[in-house]
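J.: Here the sequence shown is numbered in full-length UniProt numbering, starting from 1 and rising by one per residue.
Keep in mind the hints are simulated off the structure, nothing from the lab. Keep in mind the model is a prediction, meaning the values are calculated, not measured. Heads up, a few of these hints could be off.
[To be verified] Pairwise CB distance ranges, derived in the manner of DEER restraints:
hint	residue 1	residue 2	range
1	117	24	34 to 44 Å
2	296	186	42 to 52 Å
3	223	184	35 to 45 Å
4	261	188	39 to 49 Å
5	260	187	32 to 42 Å
6	167	204	15 to 25 Å
[To be verified] Straight line, CA to CA, 27 Å or less: simulated DSS-like cross-link-like pairs of lysine-lysine:
hint	residue 1	residue 2
7	38	251
8	251	235
9	99	62
10	99	123
11	38	233
12	251	232
13	251	233
Where is the CB? At the ideal position from N, CA and C, for every residue including glycine.
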Amino acid sequence: MLSVLSYGRLVARAVLGGLSQADTRDYSLISASYGFGKDFRKGILKKGMCYGDDACFIAHNKNADVLGVADGVGGWRDYGVDPSQFSATLMRTCERLVKEGRFTPSSPVGILTSGYFELLQNKVPLLGSSTACIVVLDRRSHRLHTCNLGDSGFLVVRGGEVVHRSDEQQHYFNTPFQLSIAPPGAEGVVLSDSPEAADSSSFDVQLGDIILTATDGLFDNMPDYMILQELKKLKATNYDSVLQTAQSIAKQAHDLAYDPNYMSPFAQFACDNGLNVRGGKPDDITVLLSVVAEYTD
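Use the sequences and the hints to build the structure in full.
T.: Structure follows, in structure tokens:
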């Protein structure tokens, strides 16, 4: 039988051994974006980091890597408002906050809240609505912190399987949660959600994990199994490989969006809600593809 002293020594060795095996390396994201505006079927319309009414950003800070996507609500076009202005301004503002270090890695909803309130206080009136998803990798803790408002979102893939997925937020069919700025006097009429209503999550990631952040133009046209098939083509963790795979995913989603005989996830969801719909869903498509890698200066 082991003495108390001997048992204590064994426990201490086990603890120290576990600590010595802990991964002390910083992690980072190798990221690339690709997309299509729905009104430009033959190619990409890219102004800054915008695809149609979608917008996105990739930002780096000494403590974290941050990704964001936003989908401007197209209905504003009926009132003479360019929907892309709201989503693009929101993403640019969030990107600037990250680069200035004005955020806490564990609170992506704080980035979204600060960015949104800057828009509300803008001296130049800005009208519109947008969904938003922000993903933050804390380099040192190896934790991914996320917030998602609406029907954009993210997947985390490990070993060819989806291990984490954002939850879609809908008020009712085809009406996602959204941030909004309404004209004076119309605040109670325009649908508007608080940034704090975003669904938040935090979890550990591993080297080699794949993070796919995208607007609903992707998820409404490609089910997970198709996305996973495309991700199998990612054979390396360098930027060129990540970009090539992001292009492949976006192009397939774009082709399916205009296939009248394809039963898309959006069409299936519509049928589940009593609507007779078939085919893809023409929409703006934004894909941000990232791989977790060891951080190098």
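J.: Just tell me: holds or violated, for the beta carbon distance of residue 167 and residue 204 against 15 to 25 Å?
T.: At 19 Å between Cβs, range holds.
J.: State, for the Cβ atoms of residue 261 and residue 188, whether the hinted interval 39 to 49 Å holds or is violated.
T.: holds, 43 Å
J.: Holds or violated: residue 251 and residue 232, Cα atoms, limit 27 Å.
T.: holds, 16 Å
J.: Residue 117 and residue 24, beta-carbon distance inside 34 to 44 Å?
T.: holds, 37 Å
J.: For residue 99 and residue 123, compute the direct alpha-carbon distance and say whether it is at most 27 Å.
T.: Holds, at about 23 Å.
J.: Please test the hint of 42 to 52 Å on the beta carbon pair from residue 296 and residue 186.
T.: Since residue 296 and residue 186 have Cβ atoms about 50 Å apart, the given range 42 to 52 Å holds.
J.: Compare the distance between the alpha carbons of residue 251 and residue 235 with 27 Å, and conclude whether the hinted pair is satisfied.
T.: Roughly 19 Å between the alpha carbons, so the hint for residue 251 and residue 235 holds.
J.: Given the hinted pair residue 99 and residue 62, is their Cα-Cα distance within 27 Å?
T.: holds, 9 Å
J.: Range hint 32 to 42 Å: satisfied by the CB atoms of residue 260 and residue 187?
T.: holds, 40 Å
J.: Using the beta carbons of residue 223 and residue 184, state whether their distance is inside 35 to 45 Å or not.
T.: Once the Cβ atoms are compared, 43 Å apart, the range 35 to 45 Å for residue 184 and residue 223 holds.
J.: For the pair we were handed, residue 38 and residue 251, check the Cα-Cα distance against 27 Å.
T.: Holds, at roughly 12 Å.
J.: Below or equal to 27 Å on CA atoms is what counts here, so check residue 38 against residue 233.
T.: holds, 25 Å
Hint check: no violations occur; every hint is consistent with the structure.
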